[in-house]
Amino acid sequence: MADQTRPSVTLALMREMGLTEETLARRKAFLELRDEDSERLRGLHDLAQQYAERVIEDFYAHLLSFEESKKFFTDPVVLARVKAAQKQYFLRLTQGHYDAAYVEDRLRIGVAHERIDLPIELYLSAYNFYLRTVMKHFVEAYGNHPEQVIPLFLSLLKLVFFDMGLATETYLFQRERTIREQQEAIREISTPVLPLRERLLLLPIIGAIDSPRAQQITTQLLHGIRTHRAKVVVMDITGVPTVDSAIANHLLQTVQAARLMGAIVIVSGLSPEVAHALVRLGVDLGTVQTVGTLQDGIEAAEQLLGYAVHKVESATADRPVERS
Amino acid sequence: MRVPILKQGPYLIASIQDALTDEDLAQLQQELVARVGQYRTRGVIIDVAALDVMDSFASRTLRDLAHAIKLRGARTVIVGIQPDVAFSMVRLGLSLVGADTALDLEDGLALLEQHV
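Protein sequence lines correspond, in order, to chains X and R. Using this note's numbering, the letters of the first sequence correspond one by one to residues 1 to 324. Using this note's numbering, the letters of the second sequence correspond one by one to residues 1 to 116.
Where hints are given, some of them may not hold.
Every beta carbon over 10 Å from chain X, so not counted as near; a handful from chain R, in silico [claimed, not checked]: (1) Val3; (2) Ile5; (3) Gly9; (4) Gln17; (5) Asp22; (6) Tyr39; (7) Arg63; (8) Lys70; (9) Gln82; (10) Val90; (11) Arg91; (12) Leu103.
Incomplete in silico selection of chain X near chain R, CB under 10 Å [stated by the list, open to error]: (13) Gln50; (14) Arg54; (15) Leu222; (16) Gly224; (17) Leu260; (18) Gly262; (19) Thr293; (20) Gln303; (21) Leu305.
Straight-line Cα separation of at most 20 Å, SDA-like style, residue types lysine to any residue; simulated pairs [stated by the list, open to error]: (22) X:Lys231 x R:Thr21; (23) X:Lys136 x X:Lys231; (24) X:Lys231 x R:Val48; (25) X:Lys231 x R:Pro4; (26) X:Lys136 x X:Leu118.
In short, the hints are calculated from the structure, not lab data. Idealized CB from N, CA, C, for every residue including glycine.
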């Protein structure tokens with residue numbers, strides 16, 4: 001299937017960002033970017049080719065006068081390549097056909113800039129610089145005829161805002177994606193369910209609990225009971241700094257749900273702060289078995305299950321460590 | 001759909017295999033309460049593992065059933081409540097006060113052995 005090329009990264013990105021023909025049409029409608037603007041901009045193309053080189057030179061002279069932007073262009077080879085790309089970018093503005101392919105091209109540039117961590121204010125100041133410089137060239141070309149210059153400039157302004165919207169959203173989307181991926185990773189490692197003995201589970205919770213995490217704890221706990229056929233679960237919250245009433249109630253409901261499944265939940269490791277907070281909030285944990293430390297929790301659980309742990313006199317740990 | 005009721009020594013076991021209508025539930029309740037006296041039953045196990053939902057009518061019927069069976073001198077254990085069912089029951093404020101619960105049939109029988 002030669003005619004079916006693999007969808008590129010940017011095409012996938014467009015789909016993820018929800019940029020379809022319809023949503024793009026709506027964006028254009030918001031900006032009142034219409035066919036006559038497209039025509040007008042196309043009419044500008046010859047003029048744009050004339051001033052393109054000068055705009056680029058001015059633009060990079062401006063960029064290189066700042067320390068923070070200079071560091072992106074230390075290599076002259078890179079600078080030449082970037083200038084060529086920038087020229088293409090500017091020239092594309094006056095070629096009409098602001099369709100999906102145009103948007104894809106714009107996103108590709110946005111992604112490239114996001115990847116090198118180009119600050120967004122540089123990005124925006126570039127648009128600003130372009131508009132100001134182009135305005136100068138318009139006035140040079142059309143002389144003192146504002147009735148010609150203003151509609152042209154307004155059409156260009158709409159298109160540049162269209163581009164700016166796409167570029168900034170690409171930035172934001174990429175960063176949000178990074179955050180989402182990290183949250184996903186944290187969620188995966190945050191609530192392990194550990195079988196401690198036959199029919200005894202340990203659920204250590206470390207770090208703050210928010211609502212999605214509370215839900216995840218519930219799911220892990222209840223499904224863990226089923227998978228491991230647990231009778232007793234020790235939920236250790238030693239590592240939980242604070243608990244609000246919503247979370248406390250959620251945990252309470254989890255304990256009750258576990259009971260419906262025939263399992264007993266012991267909550268261990270209530271720190272003084274958490275204990276005070278629960279009392280202040282008026283959360284009634286009277287129906288839940290709570291103990292101070294994880295050790296107490298495990299001992300209570302073992303007692304419920306009928307385990308008795310004895311210390312053997314000649315324990316290995318008591319002997320001096322042998323050196324080899 | 002009728003729920004089959006099996007006799008196992010001094011216990012009765014009703015295993016619900018499919019979603020039940022309210023009438024089915026009511027019928028199950030009557031039948032179980034009647035049979036408890038018939039066989040000198042000491043414990044009843046109701047397995048609800050196949051149920052994906054438990055509404056307020058179902059949980060109230062199970063609760064009433066457990067009370068009635070208790071009055072007839074036997075003990076009721078509801079077994080096999082699924083994790084999601086358990087949590088939504090708590091969310092909706094539904095409880096099974098009066099009935100014991102256990103993980104599965106095996107645990108249910110063990111619980112009855114212990115207490116009866």
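Item to check | In rising order, the numbers of the hints this structure does not comply with | outcome: 9, 10, 11, 12, 13, 14, 19, 20, 21, 22, 23, 25 and 26
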